[in-house]
Structures are given as C-alpha cells and as structure tokens.
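K.L.:
As a plain string of letters, each chain reads:
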Amino acid sequence: MIRSASLKLAAVYGLLFAASAFALVFFLWWATTGLLDAQVEAAIRADAQGLEERWDEGGLPAMVLTIQERLSENVDDDAIYSLNDALLRRVTGNLERWPANVTQPGIFYELPVTRAGIKSLAEVYRYDLPGGMRLLVGRDVKGRAQLKRLLPGTLLYSAVLVAVLALAGGLVMRNLFRSMVADVSSTAAAIARGDLARRVRRSGRGDEFDAMAEAINNMLERIAKLMDGVRQVSNSIAHDLRTPIARARARLEDAASHAQGEEELRAAVERAVGDLDAVTAVFQALMRIAEIEAGARRSAFAEIDLGPLLADLAELYSAVAEERDLTLKLSVPDTLPTHGDRDLVQQAVANLLDNAIKFSPAGSEVALSAGPTDKGVRITVTDHGPGIPPAELARATERFFRGEVARSTPGSGLGLALVQAVATLHYGALVLEDTAPGLRATLTLQAPAPRMDAASSTPHGTAIATVA
Amino acid sequence: MIRPATLLLLTMAPPLLALSGAVARAEPQPVIILTDTLEYCEQLQHRTQQWPVLSPDVKYLIREGHQMCDHGEIRGGINRLRRALRILNHHTPAP
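Residue numbers (my numbering), protein chains in the order written: chain A, 1 to 468; chain B, 1001 to 1095.
The hints are simulated quantities; they were obtained by calculation from the structure and are not laboratory data. The reader is advised that the hints may include incorrect statements.
Below, a sample of chain B positions facing chain A; criterion: calculated Cβ distance under 8 Å [said to hold, decoys possible]:
# : residue
1 : ILE1033
2 : LEU1044
3 : ARG1047
4 : LYS1059
Covered stretches of chain A (chain B as the covering partner; in silico rule of three or more C-beta atoms under 8 Å from a C-beta of chain B) [said to hold, decoys possible]:
# : segment
5 : 104-113
6 : 337-350
We put the beta carbon where it would ideally sit given N, CA and C, even for glycine.
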C-alpha cells in the first residue's frame, strides 16, 4: 500500500496544497501587519518630532503641557506618552511606570499594556532629552494584536479546510493517475498476450494524458508497421528464394538420375550454381540495404563530383540502351559537387537507369538529368515505360515489392528499396511520379558538410510518391 | 529536489518564528495605562470648565461624557470629553 505510486502522488499533492495554503495565509498576515507597523511607526516619529520642537521652544513646562493636551484630545484612545526624569520617576504621561525592557533609545519596542483592564499591545519608541530626561512615545497596535489573536484560530480552521480540500484533491489526482496507468497497463498486457491491435484510449480532452496516449499509440503503430514489414520481408524471402532453390535442387536431382555423361552433369551443376548465385545476390542486396539503413557508412562520406560520375554511368548504360533500341539522353553539368558515398550513389543511379531501360518500349527515350538544389543535388531519371499505377506508388520502395507490370520481368524487387535507403542515408528523398506514360524518379541528396554532420543528429529521409 | 515534507516545514517555519519572536521581545508584565480611569475623566471635565462660552454640541458632549463616567462607562465618557476638548481647542477662542 505504502509503495503505491498513486497514493504517493495524492500525498505529494496534499502536502503541496497545504504548503501553498499556509504560505498564502502567512503572506497575508505578514503584509497586513507590516503595513500597520509602518503606519504606527510613522505616526510615532511625527509625534515625537513635534514634542522635541516644543522642548526646544519652552523646555520642560512646554513639553508637559503639550503631552497633557495631546492626551486630552486623543479621541482614538491609542496614544502612549511617558516623560520621566533621570531616575525614571514619572513627570507626566499615561504610563504607570517606565517599562523595564525599554533600555535603548532609537529602537522600537513592543510593549504589552492594560487599558481599562483589557490587555493590548503597543509599539513604543524612546527619546533621550537634555538633563537626563527620557521620553517614551507610543501607539496601541490593536489591529495587529487582533490579527495575532485571530491567527491561531484562523490557522486551525484553515488547516481543517486545507486538509479536507487536500484529501479531496489528492483522491481526484489518485483516481486520475490510476485510470491513466490502468489503461496503459491493460493495453501493454493485451499486446503482450498477442492483441497487437489494442490501443490506449484517449479522453478527447486534448490534455497531457491524451498527448501521452497519442505518443504511445503512435509508437505501437510504428512497431506494428515494422513487424508487418519484417513479416512481409520474411514471406517474400521464403517465396522468392524457394523457386530458384527448388529449381537448383530439381536440376541436380535430374542430372544425378539422368545425366548421360560428364559434360551433361557439369552443365547441370553450372546451372544450379547460377541459380544459387542469384539467391546469394538477393541476400547480399538485403544485407547491403540493412547496412545502408544502419547509417554506419556516413562516416565514409566524402566530397564527390557527380558530373563525371553520371557521365560515366550514361556511357556505360548507353550500350545497353542501344541494344534495346532506346536513346539515353544525358543532361548533367560538367561538375556537380556534393557530399556522400560515391559507390552507393553510383549504385542507386544504376538501379534507376536499369529499371528505366528494362521497362521502356523500343524506340523510346530514357533521360538522365541532374542539377544543384538549395540544399544539395537532384538526379532525375525519366522513361516512357508503363510507369507505376497510383495505387502501387506508395509501396514501390518496399523490399521485394513487385507491381503488376514488373511481375513478368526478371528482378528481385530490391532495386528501388536500395535507392530509397541511399536517399535516406544522404538525408534526401526518392520521389516517384507516374507521368502516364512513363515514370520520373527523382533522387535528392542533401548530406551536410562534414563539420555540420558531426554536430547534427541523424534525420530520416523520406520517400514521396506522387502522380503527375 | 526538495522533498514535500521539507517544503511544508519550510513554509510553516516563518509564521511560527514570527509569532515566537514577537513574544520574546515583549515586556513580561503589562504596563497599566492611566488615561482610562475615573480620575482622568474628572481631570478632563475640569479642563472643559476653563471655557466660558460653549456651543450646544460641546455642551451635549460634555454632559454625556460626565454621565457616562458617573455610570461607570469610563472609556466612553472619556471619549466624549476628548471630542469636546478637540472642538474647544481648535474651533473656540482660547479661555
């Protein structure tokens, strides 16, 4: 029970509430009494100054007369005067005796007095006059005395009220905390049992609890998406690799049973090796994408010039394009400096060109262009092939995804996934646009300079698919 | 970080210290004020008699003060006489 977080929260709330309430009461009392004291002290000083002037004008007789006059006109019945000689014998005034605690001039003293049998509190000030005479001037501080009398009772009633309010507030806080934690806890338990669709309820009030619930739900959505991805990749691996492995096995089995000679057997083994090489290539591509997504290769970033790099690629692929009766058009500046991984950028552009050439109809044109942007560089590959249907654009960069059109062509479905990973590694994006007919793939790279790279975080790139 | 209990003690300390400090500085035995007695009331009545001409308001205050002192309402009586003397001192020619 004592370890209950909700109980502790309620107790902390109650204590803070009580502390705040007592602090407020004390501040009000302190400010009020301070004001009253200031008023009393100002009145005493003004009164004493007038009496000293009378002493200067007429000496002791004038002082005695003035004190008696002031006492006779003291309608508020709060004035205190006492004029005593050097032996503290009373000369005039309204104090029965010189108070024992008033020993020093120039200090305000609090003095308990009895007025018509009623105890009260006064504030007095001592002035020393020529000839050893001593003058005491003071005022009753009834207001403060009344406040002091009221304070214990007020504090007691306040304490009871504060305790009740603190208890009620603490219970509300405890229930609120419990309901929130209970919902999160039951959601986590449900997910642990396998109910991955379960989410934390939102109250709809838009408060911090709702914000937390939303953050948790977003996290769960992200986890679910990642798990879906893992499941999908696993399924794809199983599906895509089963065929070449089964084929290789069948060939080897067939060769073992029916091969007529060493040459035939060797040919069957070589074909099986080719099938298994394709499997290995898929795994290598997967591992390469995973390596790129891990971001470790950023440490190898360097200044690269895309101008010559893209020109070399265009030259390499122009031969392939010619074989398929395609025209590869290059529009790249001579120099296009940027920061990044040369091999990965080359691989990404090669993938885009490979796709464009693979899907373009004979006689059409494939264009490779590049240029600087505000934050980096842009590389665009455009073809006039079948493009990607709008419904498939968003999934085109997923691993092993193959659209309706691509199913009939050879490939592993990892090409655009690698381009996407390279874009993300370079803080850029891969934008696919269906130009009907054709596809425009725009790869932006905006890796910051090395000095900034060391200080910055690792923002994620984005893949945007739009329909032109 | 300050613990809640410490915060409560810190909050409560100033009023308690203020109260205890006020008591410690005070005189243990109250000093009696002498201007709330019947003798002082009589002194004030005597002072009012120094003015030969009195306005009706002042006469009323003096009479009422005198009666209250006689009936034991000393502070009320002294208050009336003080009000009368204030009027006499500030609005009436000196005797």
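K.L.:
If a hint holds in the structure, say so; if it doesn't, say that too.
P.N.:
Results for each hint:
1. Because the closest C-beta pair between ILE1033 (chain B) and chain A is about 5 Å apart, less than 8 Å, the hint holds.
2. Taken as an interface hint, LEU1044 (chain B) checks out: its beta carbon lies about 6 Å from the nearest beta carbon of chain A, inside 8 Å.
3. Annotation: interface hint on ARG1047 (chain B) holds; nearest CB of chain A at approximately 6 Å, less than 8 Å.
4. Interface hint status for LYS1059 (chain B): violated, as the beta-carbon distance to the closest one in chain A is roughly 18 Å, over 8 Å.
5. Counting residues of the segment 104-113 of chain A whose CB lies closer than 8 Å to any CB of chain B gives 5, which reaches the minimum of 3, so the coverage claim holds.
6. Figure legend: the segment 337-350 of chain A, annotated as covered by chain B; annotation inconsistent (0 residues with Cβ-Cβ distances under 8 Å, at least 3 required).
Checked against the numbered hints listed earlier, the structure breaks hints 4, 6; every other hint is satisfied.
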